[in-house]
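Asks: Sequence:
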Amino acid sequence: MLPAIAGLASSSLQSVALTLIAHDLRLLSSTLRELNLATSVVETRVGNHVLLPTPAWPVLRTLNASVSVFRYMNEGSTAPRDAFPQLRSLRLGQRSTKRRVLAILPALPNLPCITHLTMNNVELPFTQLVHLAASSPHLAHLSILDCAFTDPAPTTPVRFPTLVKLVTRNNELDRLGSVMIMARLEHLSVDGFSPLSVDPWLSVSVLTIETDSAMVGPVRVSGAALDALPRLSSLTLPRLLSEWTDDHVPVLPHVTSLLAPMHVLSTVQAPKVVHVASPWFTSEYIEFTVPASARSVEIAVMHVELLAPLSRNANITHLVAREIVGDGEPVDVVTLEFRQGHPGLAPARARQHYDPCPAFEAACVHVVHVVDLRVAVRELT
Numbered sequence: 001m002l003p004a005i006a007g008l009a010s011s012s013l014q015s016v017a018l019t020l021i022a023h024d025l026r027l028l029s030s031t032l033r034e035l036n037l038a039t040s041v042v043e044t045r046v047g048n049h050v051l052l053p054t055p056a057w058p059v060l061r062t063l064n065a066s067v068s069v070f071r072y073m074n075e076g077s078t079a080p081r082d083a084f085p086q087l088r089s090l091r092l093g094q095r096s097t098k099r100r101v102l103a104i105l106p107a108l109p110n111l112p113c114i115t116h117l118t119m120n121n122v123e124l125p126f127t128q129l130v131h132l133a134a135s136s137p138h139l140a141h142l143s144i145l146d147c148a149f150t151d152p153a154p155t156t157p158v159r160f161p162t163l164v165k166l167v168t169r170n171n172e173l174d175r176l177g178s179v180m181i182m183a184r185l186e187h188l189s190v191d192g193f194s195p196l197s198v199d200p201w202l203s204v205s206v207l208t209i210e211t212d213s214a215m216v217g218p219v220r221v222s223g224a225a226l227d228a229l230p231r232l233s234s235l236t237l238p239r240l241l242s243e244w245t246d247d248h249v250p251v252l253p254h255v256t257s258l259l260a261p262m263h264v265l266s267t268v269q270a271p272k273v274v275h276v277a278s279p280w281f282t283s284e285y286i287e288f289t290v291p292a293s294a295r296s297v298e299i300a301v302m303h304v305e306l307l308a309p310l311s312r313n314a315n316i317t318h319l320v321a322r323e324i325v326g327d328g329e330p331v332d333v334v335t336l337e338f339r340q341g342h343p344g345l346a347p348a349r350a351r352q353h354y355d356p357c358p359a360f361e362a363a364c365v366h367v368v369h370v371v372d373l374r375v376a377v378r379e380l381t
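FYI, my numbering numbers position 54 of the sequence shown as 54, with every residue one higher than the one before it.
Among these hints, one or two may not hold up.
With a Cα cut of at most 20 Å, we get these calculated SDA-like pairs of lysine to any residue [as the list claims (entries may be wrong)]:
1) LYS165 / LEU132
2) LYS272 / HIS318
3) LYS272 / VAL251
4) LYS272 / ALA314
5) LYS165 / SER197
6) LYS165 / ARG91
7) LYS272 / PRO230
8) LYS165 / LEU259
9) LYS165 / ILE181
10) LYS272 / ALA292
11) LYS272 / PRO261
12) LYS165 / ASP199
13) LYS272 / SER234
14) LYS272 / VAL249
15) LYS165 / GLU210
16) LYS272 / SER205
17) LYS165 / THR236
18) LYS165 / VAL198
19) LYS165 / LEU202
20) LYS272 / MET262
21) LYS165 / ARG175
22) LYS165 / HIS141
23) LYS165 / ARG231
24) LYS165 / ASP146
25) LYS165 / MET180
26) LYS272 / THR236
27) LYS165 / SER257
28) LYS272 / PRO291
29) LYS165 / CYS113
30) LYS165 / VAL206
Per label pair, the in silico range of CB-to-CB distance [said to hold, decoys possible]:
31) ALA183 / THR267: 31 to 39 Å
32) SER197 / SER30: 45 to 53 Å
33) ASN170 / VAL377: 53 to 61 Å
34) THR317 / GLU243: 31 to 39 Å
35) GLY341 / HIS263: 30 to 38 Å
36) ALA300 / LEU202: 30 to 38 Å
37) ARG159 / ARG312: 50 to 58 Å
38) THR118 / ALA183: 21 to 29 Å
39) PHE281 / THR317: 23 to 31 Å
For the record, the hints were derived by calculation from the structure and aren't laboratory data.
All C-beta atoms, glycine included, are put in the ideal place defined by N, C-alpha and C.
Could you build the full structure based on these sequences and the hints that come with them?
Replies: In C-alpha cells form, the structure reads like this:
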C-alpha cells in the first residue's frame, strides 16, 4: 500500500507512460493536493496493469499539466464534469518547440473553486470560455497565452464577475474584449495595446505591456488609448516600444507608477507619477528630467549631470542607478549635497563607465542636514 502523498512534481521528464496516470496516480487520488506533470504521454500497452477508475481528484488544489496529462486525468474519471471539485490553480499547455504546434484543449470540467487558470499554446473554441464563466464563480486570474480560437466570437456577452487579472498574448485582445464583460478587472497584461475600443478596459488600473523573448520588432501601443483609461495608475511599457501607433504622446494624467524605456520617460508628462523606472541599459544616453512629483527613481544608466540635482531633491526617498556615464572627458569634481537619511548620494557610488574614461574624477559633498553624527559618517563612507 502506498503512503499518503500530498505533492508530486516531475519537471525534467520529456514524457511519461500512460500507466503512470491510468494506474499509479489514481492510487494517490484521495490524498494528492499538488501535481506538476507538464510532460507528454506515451500511450504504451498497459499489459497486465488494471486501469483504476476514480470518481474524482477530491483534494487536488494545484495542477500544472500538459494537455495530454489533463485529458487522461479528466476522462478517466467516473464523473468527468466534476473531477476536480477543490482545484484552485490550473496551468495547461505544452512544451515550447521551434515549430509552433497547438494542442487541442479537451472540454473543461466544472471548476467551482478555481481562482487561477493559465492556458498556453492550446486551441479551443469560444464555447470553452462560456462554460468557464458559468462554472467558475471564483475565477480571479485568467491567462490565455499564444492560444487560438477555432470559431467566431459569440454574439452574447460572457460575464466574468470575479475576474481581476487578465493576461493575453498573440493579438487576441480585441476578440476577448468583444466577448468578455469584466466589471472588476484591474490588471491587464498584453503584448501590445492598440485596441479598436477601450470600453472593455475602462476598469483597468494596472497595465503591463511586455514582449515575448522571441519578438524582434517594435510593440504596437496607442498613446490615445492609454490616456482614455480613467483608472490607470500603474503602467509598464516594453523596451522595444519605438513610437506611438497614433502619433499621440500620452499625458498619463492618473499614472503614479511608470516603468518605461528612457526615450519614453523623456517625453511623457505623467504629472502625478511617484515611481519611475527604466531598468534597461542603452548604447547611448538619452536626456531625462526627473518629474517633479517623483519620490522613487530607478534607472540603469544615469548621466553625471543628474547627480547634483538629484542629491538636492529633498522629495526623493528612493534612488537607484547601476551605471554613471558622461560625455567623453570626465568631470573634474561633482558637487553633491548630503542629507542624513536621503538617498541622494547612492548613484554616485554606482559603477562608472570606463570606456574610454570615468564620468567624474572626484566628488565634493556639502553636508546640509545631520541628526546622528555616527550614522551620518557611515552613510557618507
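Asks: If a hint holds in the structure, say so; if it doesn't, say that too.
Replies: Here is how each hint holds up against the structure:
With a CA separation close to 15 Å, the supplied pair LYS165 and LEU132 stays within the 20 Å bound. Between LYS272 and HIS318 the CA atoms are separated by roughly 17 Å; this keeps the pair inside 20 Å, and the hint holds. Pair hint LYS272 plus VAL251 holds up; C-alpha atoms about 10 Å apart against a cutoff of 20 Å. This hinted pair checks out: LYS272 and ALA314 have alpha carbons roughly 17 Å apart, not beyond 20 Å.
Restraint check: the Cα-Cα separation between LYS165 and SER197 comes to about 19 Å, which is no more than 20 Å; the hinted pair holds. With a C-alpha separation of about 15 Å, the suggested pairing of LYS165 with ARG91 holds against the 20 Å cut-off. For a cut-off of 20 Å, the pair hint linking LYS272 to PRO230 stands: about 13 Å separates their Cα positions. Proximity of LYS165 to LEU259 is assessed by CA-CA distance (about 19 Å); at most 20 Å being required, the pair is judged to hold.
Of the supplied pair hints, the one linking LYS165 and ILE181 holds, its CA atoms being roughly 13 Å apart against a limit of 20 Å. For the given pair, LYS272 sits about 9 Å from ALA292 by alpha-carbon distance, which is consistent with the 20 Å threshold. With a C-alpha separation of about 18 Å, the suggested pair LYS272 and PRO261 falls inside the 20 Å cut-off, and the hint holds. Simply put, LYS165 and ASP199 have alpha-carbon atoms about 16 Å apart, close enough for the 20 Å limit, and the pair holds.
Annotation: proposed proximity of LYS272 to SER234 holds, straight-line Cα distance about 11 Å (limit 20 Å). This hinted pair checks out: LYS272 and VAL249 have alpha carbons roughly 16 Å apart, not beyond 20 Å. The suggested pairing of LYS165 with GLU210 holds, with an alpha-carbon distance near 15 Å, which does not exceed 20 Å. Between LYS272 and SER205, the direct Cα distance comes to roughly 14 Å. Compliance with the 20 Å bound is thereby established for this hinted pair.
In summary, the hint linking LYS165 to THR236 is supported, as the alpha carbons are separated by about 15 Å, within the 20 Å threshold. Of the supplied pair hints, the one linking LYS165 and VAL198 holds, its CA atoms being roughly 16 Å apart against a limit of 20 Å. Using a Cα cut-off of 20 Å, the hinted pair LYS165 and LEU202 holds, with the two alpha carbons roughly 13 Å apart. A C-alpha spacing of about 18 Å is found between LYS272 and MET262, which places the hinted pair at or below 20 Å, so the restraint holds.
Simply put, LYS165 and ARG175 have alpha-carbon atoms about 17 Å apart, close enough for the 20 Å limit, and the pair holds. Between LYS165 and HIS141 the CA atoms are separated by roughly 5 Å; this keeps the pair inside 20 Å, and the hint holds. Annotation: proposed proximity of LYS165 to ARG231 holds, straight-line Cα distance about 15 Å (limit 20 Å). For the hint pairing LYS165 with ASP146, the CA-to-CA distance comes to about 17 Å; that is within 20 Å, so the pair holds.
A threshold of 20 Å between alpha carbons decides the hint, and for LYS165 with MET180 the separation of about 13 Å falls inside it, so the pair holds. Between the alpha carbons of LYS272 and THR236 the distance comes to roughly 16 Å, so the proposed pair stays at or under 20 Å and holds. A C-alpha spacing of about 18 Å is found between LYS165 and SER257, which places the hinted pair at or below 20 Å, so the restraint holds. For the suggested pair LYS272 and PRO291, the alpha carbons sit about 9 Å apart, so the restraint of at most 20 Å is met.
A threshold of 20 Å between alpha carbons decides the hint, and for LYS165 with CYS113 the separation of about 17 Å falls inside it, so the pair holds. For a cut-off of 20 Å, the pair hint linking LYS165 to VAL206 stands: about 9 Å separates their Cα positions. Remark: the range hint 31 to 39 Å for ALA183 to THR267 is upheld by a beta-carbon distance near 34 Å. The hinted window of 45 to 53 Å between SER197 and SER30 holds, with their beta carbons roughly 49 Å apart.
Checked against the given bound of 53 to 61 Å, the beta carbons of ASN170 and VAL377, roughly 56 Å apart, stay inside it. Restraint check, THR317 to GLU243: a C-beta distance of roughly 33 Å satisfies the suggested window 31 to 39 Å. A hinted range of 30 to 38 Å for the beta carbons of GLY341 and HIS263 is consistent with their spacing of about 33 Å. The beta-carbon spacing between ALA300 and LEU202, approximately 33 Å, falls within the hinted interval of 30 to 38 Å.
Separation of ARG159 from ARG312 is about 53 Å and conforms to the stated range, judged on CB atoms against 50 to 58 Å. At roughly 22 Å, the beta-carbon separation of THR118 and ALA183 lies within the given 21 to 29 Å, and the hint holds. The hint said 23 to 31 Å for the Cβ distance between PHE281 and THR317, and at roughly 25 Å that hint holds.
In the structure shown, no violation is registered for any of the earlier numbered hints.
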